[in-house]
Amino acid sequence: MTNHSDDERPASVSRRRFLGATASTAAFPLVGVAAAGQAAAQTMPPPDPQAPVDVKLSINGEMYRVGLDVRTTLLDALRDHIGLTGSKKGCDHGQCGACTVLVDGRRTLACLTLAVAAQGREVTTVEGLARADGPLHPMQQAFVDHDAFQCGYCTPGQIMSAIGCVKEGHAGNDDAIREYMSGNLCRCAAYPNIVAAVRQAKLQMEG
Amino acid sequence: MRPFLYDRATSADLAASALATSADAPLVQGRVDAEYLAGGTTLLDLMKLDVMQPARVTDITVLDARHGTITVTDAGLKLGALVKMSAAADHPEIVARYPVLAQSLTLAASAQLRNMATLGGNVLQRTRCNYFRDTSWSACNKRNPGSGCAALDGVNRQHAVLGASEACIATYPGDFAQALMALDATVDIVGAAGPRTIPFAALHRLPGSTPHVETTLAAGDLITGLSVPPGPWTRRSLYLKIRDRQSYEFALASAAVALDLQGGVVRQARIALGGVATTPWRARDAEAALAGKPINEATAADAARIAFAGSKPREHNAYKVALGQRTVVRALLQAATLED
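Chains A and B are the protein sequences, given in the same order.
Heads up: the first sequence begins at 1 in this note's numbering, then just goes up one per residue.
Heads up: the second sequence begins at 1 in this note's numbering, then just goes up one per residue.
Any given hint might turn out to be false.
Unchecked claim - Chain B regions said to be covered by chain A (calculated; three or more residues, Cβ under 8 Å):
{"id": "1", "segment": "3–15"}
{"id": "2", "segment": "42–51"}
{"id": "3", "segment": "108–117"}
Keep in mind that the hints were calculated from the coordinates and are not lab data.
C-beta atoms are modelled at their ideal positions from N, C-alpha and C, and glycine is treated no differently.
Okay, chain B solo, but in the shape it has when bound (with noise of 0.2 Å):
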């Protein structure tokens, strides 16, 4: 692990203007890289990688006070950015009032983990290609900028199927996100300039021919929390995962699902896909292809093949089209069982 400063954030607007600072001068040896500590379980295993090398750190942890609550109304959900991944997926209500939420967190990491990692960092975390955490593969887009992409053609089986570009393949390793993704949830922001909020799924961008710009987030801006707005589709939501083993995996597909259904109609469905693409993927066009139809065998397969209509696999991840159909599949049908 390099060097680094480290301090404590006061406050999100002074650690966020001090971050927005810093990244214009030199803060140790050349660097100029600063990053937000709070959980840390990506953080410091990438430093620890050399994969991430920032100048300084700022340890946001102590601000939990006013970021690491949840609040939960009929109004809404509100998460803090600080709340961990374990308390949101323990909270009564949150397992009651959005199952896929609850379940996309207790399916991730491991126990300690989830008791470390906090939620704002949780969408943040970073990809767990092997081009890109193994810095002795020169050839990676997203670690260091026009190197190319040894995943294109290397050992490919964990890579994207949707959402690839020509530089990047790497896949969105998250699993709440695609939840967020799903239940429309939007992102506050503490900037520079102040704080802003904007739709969760304005969060992350494609890769593109810049894959190491990975959120639309700018230097300094820090997350202090998410919201999920209410709706008849939240309780008549999962999360399903699908993995090499059962627990303490990353997903090889997954699909959180939402379904407001009358009569057995879908009145509105939200499909968000994981482990399949480069950033947390809401399936709309398969969305829409279900309003006003039944769930069937038949309705449910049709929404999946759409949902992977655009899909554009390598030598060893063709299988994820196939499984990641079948996901979304048994994950519609599922859901449509649920108790309203």
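With the rest of the complex left out, here is chain A (with noise of 0.2 Å):
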């Protein structure tokens, strides 16, 4: 499924993507006039909305290109059609935060994003934040120095949501730590070590 290329081009059209994007912006003269609409309705094949979608994604600065149901959500995309399954999913509904992102640089939850509508947009997971074999990310670091979990399925959700809350400027002492980290729930309770993790964190990466 995956069709990952590392010199895919923005203005590279293929013929699949053509047709979609031709098929959707369709839509609205048919609609727009509403005479036309009727009469171009009824010559032509209502559109299937199962029909695979070829959606462009830019993640960790590279370029994905993959067919998908419409319905699938970025975090569902990463993990079953990108391979990228640091990012956990665990409710599904944006209640845990194990699914968090960073989206344009702003903390996200990919399981109430749709693949479809983050085109365009540049999608950071967890696997983003380190080179295989260089140092790890300063919040990386602070949560293996800190104990900062127990299971680790909550981890990445909370690395990449430590980090928002760090270059949001949310995280200038331990109650703002604890307010703008309450979207990420850990089951293990690691929360102290997470707040200090956070703590320490903040201070290399401002330094």
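Using the supplied hints, reconstruct the complex from the two chains, each of which is provided in its own coordinate frame.
Right, here's the structure in full:
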């Protein structure tokens, strides 16, 4: 399913993408003028909502092209179609924060984002924080240093959210960290260590 | 989640006429519903639960260049409908000049949800009534008109004591809307017939016998912005939210309060209640009772009693009357101590 190419250029248009774009933009002229829309509707077959849509996603600085059912969330696209399984599925309803990624630098719940709606935006997942042969991101290292997890399932979401928390300027003290990290649940209740990790990483990220 | 057609809006006008038109014709498998997609934090959640089943989803996030800006002038505050909750919550001028607005947003949801959710979508957030959200309950007049209401005699601890009917007691869940009510905001709407502006107080409808009709918006109508007029009460304003846990939780009771005081006496008080009513709820009788009086324990308690005079508690939510009254009292006393 995955068609991953590093040299994918934004301007390139595949046949499938061209057809997809034509179909979707055609919807507006059809309904913009009611009479023309009715006439056209009689001659055109009804659109198939389950036909795969060609979706291009920019993730961790690389372009990925995948054919997706339009219902696919960004989280499922990452995990099931692109093979980036660092982002976790907890509740799948925007309540636990395990799926947190950065979209255009701001922390976002991938489970409540349609993949098709994330096109044109830059997505950063936990896999994009450090190179395989390089040092860990200061937030990753801080979570290791402070043992800020037990089972680890919520950790990628915690780390991505914590980076967002620091970047947004909401990690000024422990109370602020607790308040602005409240969207990330930890069933092992590693919260005191998570707060300590965010405090340490903030100094390094801003240092 | 059921299949749907996805498209991206190219302008508010075209999107509105497109959705108005599609309201008459089946789009997918006999379904006609069409919905706008902005932050998606309510819509996708409810689509996954099969509570909402739109046949078409029109993505309007691409309109944010036109409808995603904040303008603060002496003539008031203008908020594009696609402004993210977090952007408004952290805006220094809103924090300083309209604290009730900033606080209502900061105290809502989580940081991630506030980064995603838009102001236009926020005011249309749907109830957290468990019988509405869980489709295994057949009786829900809001989800399935005419089917009854499982909450009336069910687990109704979170439900409304104001504005309820025998058809629905679901609580309006939001926070920001109360602040907009208190400040007499207006709503800019683009519809199939063109743009119009209505008072924010005219946006939501009481459940009555038709709880599935939650607003006065027509098919295709798109909220494009919110306006808040200036006034001597906007700085002396706050949002007090009482909930089961300190963060990331819906209100059991909340109060948006704004005061215009002169020499310690109320020239104008504005009070809106959340967590206790079926819609964003303005307590005008309580406001009137405070006019010309100082704010103290006695006058605040009087106002709070009046605010809940018409309440109709059920088996498990009667505590909301006392809790709501205390919330109003504390909010008024705190607001009175604020710097003008």
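Quick rundown of the hints versus the structure:
Given as covered by chain A, the segment 3–15 of chain B passes the check, having 8 residues with a CB less than 8 Å from a CB of that chain where 3 are the minimum. As drawn, the segment 42–51 of chain B meets chain A at 4 residues by the rule of a beta-carbon pair under 8 Å; at three or more, the given contact holds. Using a Cβ-Cβ cut-off of 8 Å, 7 residues of the segment 108–117 of chain B lie near chain A, which meets the minimum of three, so the contact claim holds.
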